[in-house]
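**Q** Listed below, chain by chain, are the residues.
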Amino acid sequence: MNSIVMKQDASTAIRELLAYLLSSSRVDAVLTMRQVPETGSCDLGLITDPSGMVEAEPFLPVMTANAGQALSSISMSGKRIAAVLKPCELRGFTERVKREQGSFDNLLTISSICGGVFPLEKVISGDLEKLVPRYIEKTARAEAPRGLRETCKACEEFVPMNADISVSVTEHGSLMHLHSDRAEEYTEGFEGERIEARADQSHIDRMMKSRSAAKGKLFQSLEKSSGLDGLVDLFGKCVGCHGCSRVCPICYCQHCDFESINFDYNQPYFQESLEARGALRLPPDTILFQLGRLTHMSFSCVGCGMCSDVCPVSIPVAGIFKKTGERTAGLFDYVPGRDSEEPIPVMVFKEEELGDIG
Amino acid sequence: MAAVLPVGSDLSGAMNRFLKTILEKDIVDAVLMPMKVPSGDSFAWIIMSDSSIVDDAEAMAPVMPVQGARALRSLTRKGEGSIRVLALMRPCEIRAAIELSKLGQVKTENLILAAYDCPGAVPMDSFVSDPSSGEDLFRKMLAGEDVSAGEVKPSCTSCVEFSMTDADLHFGHFGLGGTEVLLIPGSPKGMEILEALELPADRETSIWDEAVRKRREKQVASRDAAFEETGENIRGVQGMLNVFADCISCRNCRAACPICYCRLCHFESETAKQDPNSRLDSAVTRGGISLPADRMLFHTGRMTHMSLSCVSCGQCSDACPADIPVAQVFSFVADRTQKAFEYSAGRNDGDPLPLRSFMKSELSGIHEMVSDAEPGGHAHE
Ligand code: SF4
Ligand code: SF4
Ligand code: SF4
Ligand code: SF4
Chain D
1 MNSIVMKQDA
11 STAIRELLAY
21 LLSSSRVDAV
31 LTMRQVPETG
41 SCDLGLITDP
51 SGMVEAEPFL
61 PVMTANAGQA
71 LSSISMSGKR
81 IAAVLKPCEL
91 RGFTERVKRE
101 QGSFDNLLTI
111 SSICGGVFPL
121 EKVISGDLEK
131 LVPRYIEKTA
141 RAEAPRGLRE
151 TCKACEEFVP
161 MNADISVSVT
171 EHGSLMHLHS
181 DRAEEYTEGF
191 EGERIEARAD
201 QSHIDRMMKS
211 RSAAKGKLFQ
221 SLEKSSGLDG
231 LVDLFGKCVG
241 CHGCSRVCPI
251 CYCQHCDFES
261 INFDYNQPYF
271 QESLEARGAL
281 RLPPDTILFQ
291 LGRLTHMSFS
301 CVGCGMCSDV
311 CPVSIPVAGI
321 FKKTGERTAG
331 LFDYVPGRDS
341 EEPIPVMVFK
351 EEELGDIG
Chain W
1 MAAVLPVGSD
11 LSGAMNRFLK
21 TILEKDIVDA
31 VLMPMKVPSG
41 DSFAWIIMSD
51 SSIVDDAEAM
61 APVMPVQGAR
71 ALRSLTRKGE
81 GSIRVLALMR
91 PCEIRAAIEL
101 SKLGQVKTEN
111 LILAAYDCPG
121 AVPMDSFVSD
131 PSSGEDLFRK
141 MLAGEDVSAG
151 EVKPSCTSCV
161 EFSMTDADLH
171 FGHFGLGGTE
181 VLLIPGSPKG
191 MEILEALELP
201 ADRETSIWDE
211 AVRKRREKQV
221 ASRDAAFEET
231 GENIRGVQGM
241 LNVFADCISC
251 RNCRAACPIC
261 YCRLCHFESE
271 TAKQDPNSRL
281 DSAVTRGGIS
291 LPADRMLFHT
301 GRMTHMSLSC
311 VSCGQCSDAC
321 PADIPVAQVF
331 SFVADRTQKA
341 FEYSAGRNDG
351 DPLPLRSFMK
361 SELSGIHEMV
371 SDAEPGGHAH
381 E
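Going line by line, the protein sequences match chains D and W.
Heads up, the first sequence is in the working numbering, so the first residue is 1 and it goes up one at a time.
Heads up, the second sequence is in the working numbering, so the first residue is 1 and it goes up one at a time.
I should point out that these hints are in silico values taken from the structure, not numbers from a laboratory.
For every residue, glycine included, the Cβ atom is placed at its ideal position computed from N, Cα and C.
Please note that a few of the clues may not be correct.
What the hints assert, rightly or not - Below, a sample of chain W positions facing chain D; criterion: calculated Cβ distance under 8 Å:
id, residue
1, 74
2, 252
3, 276
4, 283
5, 287
6, 318
7, 319
Next up, chain W with everything else stripped away, as it sits in the complex (with noise of 0.2 Å):
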């Protein structure tokens, strides 16, 4: 069931409007949402106390310059405040939120994490190059038209994780012709709002279901085959070596991606660097290297330290310099490890990280190990 916010004439202005409303009556202290840039070819983050500020921001923008998370990350990674923050955010930008929260990095206390139907992104150099077209295209597939794949960001065209996630309030428009939007309360906090605005969660909501449904199912079709031709591509350690023949080592995914949060990488810190003796005896024994050296170490080492918490949303592809697929051989990865532990990144659902927990089950085999590496042969109990 949900609450329904009449639209006008502009869903996304619709959107602002309540936005406004929650701050003006102090339902929360400050929005968080993006703002186009003075140059007008790109949009910003902006977190706002002063409600006439919202008429200039945008509920909605087209394209996806900083991954959310990245944003409240450096809101409260030294400490939550006390003020009541709501964030507009994409899906995936909620995910990797709340992503970030089990890693200590964004504090969710005093947070209300506010998502909507994402009908994808615009990729970035397209829209700098062209802002109006890039707004003009962005508006199409809000309004559901067809747009040519290869105009989207290619992680969006594959992304199944589009609508409900586990946000505290959601926003629902998919399937209703631009008329009204959905207000879905997915917690207690969301809840809250809407009872504070003394809005009733009383409509039901099986048109949006059916959108959301159909929509889904022609995205899982296209993840099939993006998962399959990425599979080809880097199978066997000579594919992932042509994958990533062209990267120059800028670390450009690493910086735009939301989960590496580390403020200096494992890969750039002094214990990952060869002494420039042992470089140079590594080059004699090949024959030769390439400069900048530990390509591929860097790739498949942030591979294992993040991909059971990527939540495909490509920004590390949308900033390499070099066209590298990189989310997609990141998302193509993390399905399969996220599988192998039975756990999908970026769900509220009580699931602590693979890695961070562990049960005493698993731990027999260790205490045999340990066992037999004692001298006495004994383990401690």
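This is chain D alone, in the form it adopts within the complex (with noise of 0.2 Å):
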């Protein structure tokens, strides 16, 4: 694969790339990461303007949104877009797309080996000036940083799927792969030597070693989740706030079932329920609306771990959502964000399965 070598760090080559895209007119808008240098701040940028670009850290290893989600309407202004994505914002917004809430027309996408990011709390209290130098020494030498979020440390997919670029930072240097013909044409004339290279897969092994083995431990310490039984321990403490929802890049909807006028109690149908069971709680269907919110998304969770980040109650969201997520997507042998063109199981049927209603 076509490949560009990087002569220094992966972020600043990244800017170089992104300022070049667009001071040559090549794209309309960037989005990425930024960090105030002064405050130490961090959000997300869509940025027009080259000189903007010193703020930006297209690969500072935090998520203070999930960026699929950020893109979703504004991919669909008709504007040209480069989008620098985590993996799983990546395959957030494919999932998007799917449901008609985003477009790949005019978007450049590029991402990278994902070490994985802080939670939010490390990134508030200030921490990330001492985390993020060490981070970038382990991640080169495919060893895993402390202090990630849960459901990072516990992900498979850190190779991004179908980005336009890739990037991949091992102790031997860092490349920028061109996947599509779109990142041979908006590179053209960016300056640096052009190779033939892949990602160096024993650095991806070794990588995905530590995550599988961490996979095992997180799914391990949800089996408790597993039943009824178990997810009212483990969602009793819910307070109902559904940020979890809100975050979430696959949860699209503007106005949630779950926060309609169905799920206020009526009198008649509260007073007979009181009467049969002698006591309920207020605000009602505290675990129907996790079911619910299983049973509409899970298959499409990407593991971001965005719900988890923002719950007031510290549930364990991400990992709950993943590992129900896995297994009902496994069913269909779909990955979340593989493929736009890949249907989403619940929303195609096949010929056969119409036999009994004919």
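Since each chain sits alone in its own frame, please combine them into the complex, following the hints.
**A** This is how it looks when you write it as structure tokens:
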């Protein structure tokens, strides 16, 4: 595969590429993580002025919002955008495209072999400054940095699945791999030695080993979530804020069914239930919301970990959704976000499934 | 004057017994109070008609995972039932319930609101990570022992409405050494309960009054200090931007707020969203924008929508994953907006919501504006 050798560190090289794309008018805007140098505050920036690239930190191991979600509506503006996405953000975006919530038409996607991100609390507490240098060292050696999001430690989909450009950083250097015609076209004229190369497989294998082990452990620890009793135990303290669904790249409904009028008590039903059971929880349907979300979207869960990060009562939401999702998606041999052409399992049916109905 | 409830060994237990009795005697049909969740690290609102279940409940919970008024709202927003419910909640929860009743979300006809002297609450994140220390801490708070301010919810350390609110019945225990609780009726409904139990309200309350007064003095001082600090922090547009710099737009603050009752928040609706093209245009104009967009618009917008009813309960801060002092900012602004309208959120004194009521005299200016705008120069009478 055609690849560009990056002489500087990956962040600098991609920053230069993004500035090049903007100043050569190949794209109208760039989506990337930024960090304000003075305050350390991080956000996702949609940058149009090349001079704004100084704040860009394309590979900052932080996810303030799943960029796939943030990109969703602006990708349909018709303007050309280059977006730097983590693999799970790209997969989240792909799932949204399948739901007609985004478009690849005018998009150049840039991703990288991902070392994971730190939980928001580490970002807020200002620990980043210490953590990032160590993170860069460790990930270059295919070692797992400490303190990452639980689902990042356990993520086996850390190699981007369908990016135009992917970046690999190993001890032997950094490469930009060009996967599509669009990638070739957009990088034309961008300085850097072209070589024929793939991402170092032994590096990937070493990462995979620790990820798989961590995933085994994570799923093991969530075994108690199986069955209704387990779910009641885990979600019993849920306060019903629905933050988990608002930050989820897959949950795109503007008005969630579980926030609709259907889920407040009407009095006759309430009084009947109270009489029958002697006691009821208010607000109602705490567990039903979780079950509903599990059935509505878990087969598309990309394990990004946003939901766990915003949960005010520290429920390991992402682990539960990833685990359940993999089990359901596995039944259909479905990998969320693998390919935008791959249909969503529950939205297709095969003719033979209709036999009984006919 | 008040009736007296002997305590025995445990304050919360005595209140439990009281609630059990009024259920057993059919004075009310159901009681709403907190109960520990199965995993033991939080509490949930349970409405119970079966008096034996009250034994498992906890009259005063160390934490406030869900604002009580939110729980009530889910019960009555679609219409009031015929059963009589007593809800035992913290004072800020009672006040939020009263605001929601003015907003038509909580129906109070068959509702008896009962409150207690609130020593503050333990922040959710610290309780969840270590429930047993949280319970110990709360026991100390209830006993009136000194605890470090950092361990308590920030809004609680500057709360000046921790005692008598406009509840129907109030459980006063401050200054009484944990040996008895005063049952103070706040309305005919509350009085009726005492009468039904044949509890005469004949005790004078000066010791308790004095304890409440002393505590209020301390709380007022810490509130003033907190306001001063917040006022400094949010000065000017840049101040607000700095305070909310780490906001990730999860809207947990809105979801946790008892007053924000809209099923579909205006700021999450299609109306408030810029279409993708103009979004990119504004990025071009400014050289770049931050995503998710319109975070400040959301906060200032929410503020204008609800700050007159903010009861300073602190739920918004507690739910914020980015540790933003949302409640401190909202309380600070609420204090000023409510003063401007001579309104105090959560009072049941017949004061209507300022923006829901207008006086004829306030319309005279409009009349002139309309008549100026009319082509013929005369307004319709
Ligand atoms: S974020 Fe946590 S508390 Fe809020 S609804 Fe989701 S699981 Fe429940
Ligand atoms: S359920 Fe949680 S982990 Fe899965 S995609 Fe949504 S936010 Fe990410
Ligand atoms: S804005 Fe915050 S402090 Fe005010 S009522 Fe709402 S949740 Fe409570
Ligand atoms: S809870 Fe915090 S991060 Fe979420 S929208 Fe409110 S202020 Fe922003």
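**Q** Does each hint hold? Answer for all of them.
**A** How the hints compare with the structure:
no. : hint : in the structure
1   : 74   : holds (4 Å)
2   : 252  : holds (4 Å)
3   : 276  : holds (4 Å)
4   : 283  : holds (5 Å)
5   : 287  : holds (3 Å)
6   : 318  : holds (6 Å)
7   : 319  : holds (4 Å)
Checked against the numbered hints above, the structure violates none of them.
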